[in-house]
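**Q** So the chains spell out like this:
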Amino acid sequence: MNSALEKQLNLLDYALASLWRRRLKNSSVLVVFTAVIFLVASFHLVTTALTETAGAVLRQTPEIVIQKMSAGRQEAIPVAYGEQLSRLFGIKKIVPRVWGYYFDEPFQANYTVLGVDPAAMPMGEHLVQTLLAGAWPGSAANQAVVGGAIRELLALSVAPPTVEDDFPDHSLFALHRPDRSLKLLSTVGVFRDETALLTADLIAMSLADARDLFQIPADLATDLCVYVHNPAEITNLARKIAAILPDTRVLTRPQIEQTYRVVFGWRSGFAAVCLLAALAAFVILAWDKASGLSPEERREIAILKILGWETADLLLVRCWEALIVALLAFVAGCTLAWLHVVFFEAALFRPVLVGWSVIHPPFALTPRIEVKDLLLLFVLTVLPYLAATVIPTWRGAVVPAEDALNG
Amino acid sequence: MLIELAGVNKIYNQGRANQVQALTDINLTVAAGSMVCLQGPSGSGKSTLLGIIGCVFPPTSGRAAIGGKQLARLPDRFLTIHRRQMIGFIFQRFNLLSQLSVLENVTLPLLPLGVGPRQRRQRAGILLERLAISHRENFPAGSISGGELQRAAIARALINDPPLILADEPTAHLDTPLSREFMAIMADLKAAGKTIVITSHDPLVAQHPAVDRVVGVSDGRIDVP
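Protein sequence lines correspond, in order, to chains V and F. Heads up: the first sequence begins at 1 in our numbering, then just goes up one per residue. Heads up: the second sequence begins at 1 in our numbering, then just goes up one per residue.
None of these hints come from the bench; they were simulated from the model.
Residues from chain V that face chain F, not an exhaustive set, calculated with beta carbons under 8 Å:
no. : residue
1   : 3
2   : 4
3   : 6
4   : 10
5   : 11
6   : 14
7   : 21
8   : 300
9   : 303
10  : 306
11  : 307
12  : 309
13  : 310
14  : 313
In silico negatives: residues of chain F with every beta carbon more than 12 Å from chain V:
no. : residue
15  : 19
16  : 62
17  : 177
Restraint ranges, calculated between C-beta atoms of paired labels, are given here:
no. : chain 1 : residue 1 : chain 2 : residue 2 : range
18  : F       : 12        : V       : 285       : 30 to 40 Å
19  : V       : 298       : F       : 181       : 26 to 36 Å
20  : F       : 61        : V       : 298       : 23 to 33 Å
21  : V       : 383       : F       : 75        : 23 to 33 Å
22  : F       : 219       : V       : 285       : 41 to 51 Å
23  : V       : 277       : F       : 125       : 48 to 58 Å
24  : F       : 135       : V       : 371       : 46 to 56 Å
25  : F       : 163       : V       : 285       : 39 to 49 Å
26  : F       : 125       : V       : 9         : 16 to 26 Å
27  : V       : 276       : F       : 135       : 48 to 58 Å
28  : F       : 126       : V       : 298       : 26 to 36 Å
29  : F       : 75        : V       : 24        : 37 to 47 Å
30  : V       : 16        : F       : 129       : 19 to 29 Å
31  : F       : 75        : V       : 339       : 50 to 60 Å
Even for Gly, the Cβ is constructed at its ideal location relative to N, Cα and C.
The whole structure should be built from the sequences, with the hints applied where relevant.
**A** Here it is as C-alpha cells:
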C-alpha cells in the first residue's frame, strides 16, 4: 500500500484509539453535541414540513377574498356585491362563503366553521381529495365534514350509518345557534391528516347550513371568494376590486401565504435564535475543552514529537478525533431528529410552532430529507465545532518536544 | 564523526529578562560506534546538550552537525525528520504512555512513517524478543515493572534502527541490578555498531567498561581534563 495512505490510516487508527482512551470526556462531548444537532435538525425538519404543508393547503384556497369592513370591523358582506364585479375581465367566478369561530363550552375548544358550496366553486370537484374518508356535504341539509382533531375530540364516526351500527349514531353532533337552539349535524367526511395544519379544528358544511347556524340572512355572506383565470393578474384584479368596492378589504392568496410565512418565520426565527444560542454555547464549551490540555495530554504530545511526529501529524490526529466525534453526533442527531418528527410528532416543538389554536393540529408530517438540508445542517453544526476545536488543537500540537526531556 | 559540535552556545529566552545561558562554547566530537557519557550535576546543561545532539532544538550559535547535517540550517520540520531517521531516545522516566500497550508504545515512532500494522508488529516482535519482554507486549505500559519499562523504552528507541542512541539519565530511577542490566544492553548495542551518548551522574554508568569517554559538564561548559 502507498505509504502516504498507510500513514493516514495509522493516524486514523491512533485517533480512534485515543478517543477510546479518553472515552469519558469524549462521550460527554458526543452526547451534548448530539443533543444540540438533534434539536437544530428536528426544528429544521418541522419548519420545512410545516411551511410545505401550509403551502400545499393554501394552493386550494381562492385567489382573492373580499370582506366588508365597517369602522375597521369586518361584517357580513352582501352577496350582491359580487354582481358589481361581473364586468371585470379576468374573473372566473365569485362564490359567497360563510365562516366563523364557534366556542364549544363543554370541551373548552374553538372550532372554525366554514360554509361553502362546492358545486359553485371552480375546484369544487377536487375538494373530495382533501378528505380521508366520506364525502363533501351534498344537497342534503345538516351534513358536515370535520377535521381529525374534532373527530377525535367528539369521538365521531363517519355517516351514513349502516344497519350494523350500534345506537346511538356516533356520526351526529350538535352546535348551538345564537338563540341557543341546537343544530344537529351528521359527520359525512373527515379531512386528511396532511391538511391537519389548517383543518384540524375545521367543521365544513353547506352554505345554507352555515347561514342557519350563524343566523345569517340568505343575501349576506362572511366574505366573497373570487377565482381568476390568470393567477398573474391577482394583484391587478385585487386593486380594481378595491376601487369598485371601497368599503371592502381585498385579500389575495399571495398575501395570505405571506402571512403564514411571517407567522412561521417569526416563530421559527424565535426558536432558531434560542437553538443557535445553544449551539454557540456548545461551540464555546468545545473550544474550552479543546484548549485545556491536561498535563497527561501535554506529556503525550511532547513524547510523540520527540519520537519524530511532526506538528502536522499531531494536528491531523486531533482533527480526525474532532471529525469522528462530529460525524457520529451528526448522524445520531439527524437520525434522532427524524424519529422525533416522524414517530413522536415533533413533541418538543409543537407548543412553539402550532400554538394558536385551542385544538392543536395533530402532526402527521413526513419530512422530506434533501441533500441541501443535510448540507445546511452540516454547515451550521459540524463546521463551527471543527473550527472551534482546530485552533486550540493547533496550539496544543505546538508543545515543544523538549518538554519530554524534563521528566 | 557522527557528532560534531564546535563553539556551540545555547541561550534560552534570548533578549528577555529571564534569559539563561545554558551552554557556552561547547566543542565536542563523537565518533560513530563509540559510547560517551556526559557527566555532571543537575542543572549543568547535560540535558540541553543532549537536546542539541538529539536535534530537538538547534543551538543559538556555533556549528552543530549530526550525521553530517548542520542543525542550525534545518527548519523545525526537517529537524524532526532528521531526528526520526538518526536518533533513538531513552528518557529518564522512560516516558512510555501508560494507557497504551507495550507493543503500541514501541511502534509509536513507526506510525508517521506509514509503516503498516503487520510490519510494525513484526519489527517490534523481533526487538521485544531480543530484549526478553515479548510476553508483556499486550500489557498496558502502566502495569509492567520498572525493568520491563526500561526494556520497552529501549525497544522503542531501536524500532527505527537509528545509528545514534541518546539516553537521558536512564539509570536515575533504577536499582543497581537494573542499572547493570541496562548498561549490558547498551554494551551489546555498541557492539552492534550503534553510537551511544548517555547523560548520567551515576558512577556505574561512567565507569562501565563499554564507555569509551566520559565528558564532564558543569555550568554549561565542558570540563577540561
